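Colleague: Residues -19 to 103 (our numbering) are what the sequence shown spells out, left to right.
What the hints contain is simulated information worked out from the structure, not anything from laboratory work. Nothing here was measured: the structure is a model prediction, and the numbers come from that model. Ideal placement from N, C-alpha and C gives every residue a C-beta, glycine not left out. Mixed in with the good hints, there may be bad ones.
[To be verified] Label-pair distances were calculated between CB atoms; the ranges are:
1. Arg97 / Arg46: 18 to 28 Å
2. Ala95 / Gly75: 18 to 28 Å
3. Arg59 / Arg9: 15 to 25 Å
4. Ala95 / Thr27: 36 to 46 Å
5. Asp13 / Ala94: 25 to 35 Å
6. Ala50 / Ser79: 44 to 54 Å
7. Asp101 / Ser79: 15 to 25 Å
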Amino acid sequence: MPRSTTRPGELERSVMNVLWDADEPLSVREVQDALDADGSGRDLAYTTVMTVLDRLGAKHMVDRERDGRAFRYTPSQTRESAAAELIDAALDASGDRTSALVHFARSVDPAEAAALRRALDEM
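Can you build the whole structure from these sequences, using the hints too?
Modeller: See the structure below:
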């Protein structure tokens, strides 16, 4: 599966969070309702949410399945793998992956550092 190459915008991240938190595939209307109920004060048009879901599909971040005349959407990757892709892209953009990685490693708290050590030891 191709990796997404574009960092998601704020609304795309909000849509992804709705999908990641869902227990089942969601329709455009269900995503819209969840976004409208999130307390942000947004009142998004159905077509806006549908466009965002289409863009996320083009970025290979969501999968869709036909449900009658509509589609239902699910994330094509976990929240953690999406975050890892963003970190990888940031390291690429730094110009010096190793220095950026070392700088990042120095910024984590002790529990996160221990988790990194364990993960590296398992490799």
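Colleague: Verify the CB-CB distance for Ala50 and Ser79 against the hinted window 44 to 54 Å.
Modeller: For Ser79 against Ala50, whose Cβ atoms are near 48 Å apart, the range 44 to 54 Å holds.
Colleague: Could you say whether the range 36 to 46 Å given as a hint is met by the Cβ separation of Ala95 and Thr27?
Modeller: holds, 42 Å
Colleague: Evaluate the given range 18 to 28 Å for the C-beta pair formed by Arg97 and Arg46.
Modeller: With Cβ atoms ~46 Å apart, the hint is violated.
Colleague: Quick one: are Ala95 and Gly75 within 18 to 28 Å, going by C-beta?
Modeller: Hint holds: Cβ distance 27 Å, inside 18 to 28 Å.
Colleague: Does the hinted range 25 to 35 Å hold for Asp13 and Ala94 at CB?
Modeller: At 40 Å between Cβs, range violated.
Colleague: Could you check the hint for me, namely that Arg59 and Arg9 are 15 to 25 Å apart, CB to CB?
Modeller: Since the Cβ atoms of Arg59 and Arg9 sit about 23 Å apart, the hinted range of 15 to 25 Å holds.
Colleague: Take the C-beta atom of Asp101 and the C-beta atom of Ser79, compute their distance, and say whether it sits inside 15 to 25 Å.
Modeller: holds, 23 Å
Taken one by one, the earlier hints fail for this structure at numbers 1, 5, listed in ascending order.
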